[in-house]
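Work out the full structure, taking the sequences as your base and the hints as a guide.
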Amino acid sequence: MATPPQVSPCPFPAQPPATASPEVDAAAGELESADERRLRRRISNRESARRSRARKQRRLDELRDTAELLERRKRELAAGAQAARECLALALLANAGLRAEVAALSSRLAAAGRALDLGRLYDAAADVATGSVWHVDIEQTIASLIAWREESMQACR
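For the sequence shown, the working numbering begins at 4 and goes up steadily by one.
Since the hints were derived computationally from the structure, they do not count as laboratory data. Wrong hints could be hidden among the right ones.
Simulated DEER-style distance windows between Cβ atoms [said to hold, decoys possible]:
{"hint": "1", "residue 1": "A57", "residue 2": "A97", "range": "54 to 62 Å"}
{"hint": "2", "residue 1": "Y125", "residue 2": "A94", "range": "39 to 47 Å"}
{"hint": "3", "residue 1": "V105", "residue 2": "A84", "range": "26 to 34 Å"}
{"hint": "4", "residue 1": "G100", "residue 2": "A150", "range": "31 to 39 Å"}
{"hint": "5", "residue 1": "L95", "residue 2": "W151", "range": "35 to 43 Å"}
{"hint": "6", "residue 1": "A84", "residue 2": "L148", "range": "18 to 26 Å"}
{"hint": "7", "residue 1": "A106", "residue 2": "L148", "range": "38 to 46 Å"}
{"hint": "8", "residue 1": "E71", "residue 2": "R40", "range": "42 to 50 Å"}
{"hint": "9", "residue 1": "A107", "residue 2": "R76", "range": "43 to 51 Å"}
{"hint": "10", "residue 1": "E71", "residue 2": "V105", "range": "30 to 38 Å"}
Positions of the beta carbon are idealized from the N, C-alpha and C atoms, including for glycine.
Structure (structure tokens):
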């Protein structure tokens, strides 16, 4: 039967020899704690950079969303403005037509007023000529016709 190999003692002891000085122990502790601090700082910096990149990405996403919203709103407003311009053009066209109609009707009304005045004047002259009216003051008739004409023109304005 084979015997297990003999394990030789480790050439490096697990604990420092008892003869080590306290200054050496303190220097080793400071060196270890400086390395630990550097490692913690490096990890902290990486986490901070990751959070910063995440914040920057969120802000960029928000700005893109806002830009898209503003572009959509701009298109809506442009379409509304175009519709308003089209309505304005139609209103101006209709207004021009109505103004032309007013001018034509005003002309017709003026002609009708002149014809009416002339008819009244002829009727007054005929009454005087036939003698159906005992006393007609032609100047008074003309003055009343002129006054009536001015009142009717003011009413039309």
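Verification of the hints:
1. Distance hint for A57 and A97: a CB-CB separation of about 60 Å, consistent with the stated range 54 to 62 Å.
2. Between Y125 and A94 the Cβ separation comes to about 46 Å, which falls inside the hinted range of 39 to 47 Å.
3. Range check, V105 to A84: about 31 Å between beta-carbon atoms, so the 26 to 34 Å window is met.
4. Between G100 and A150, the C-beta spacing of about 35 Å keeps the proposed range 31 to 39 Å intact.
5. Taking 35 to 43 Å as the suggested C-beta distance range, the pair L95 and W151 conforms, at roughly 37 Å.
6. Our hint of 18 to 26 Å for A84 and L148 is violated, since their Cβ atoms are close to 55 Å apart.
7. Judged by the Cβ atoms, the range 38 to 46 Å given for A106 and L148 is violated: they are separated by roughly 25 Å.
8. Taking the beta carbon of each, E71 and R40 are about 46 Å apart, inside 42 to 50 Å as hinted.
9. The supplied range of 43 to 51 Å is met by A107 and R76, whose beta-carbon atoms lie about 46 Å from each other.
10. As the Cβ distance of E71 to V105 is approximately 51 Å, the hint placing it in 30 to 38 Å is violated.
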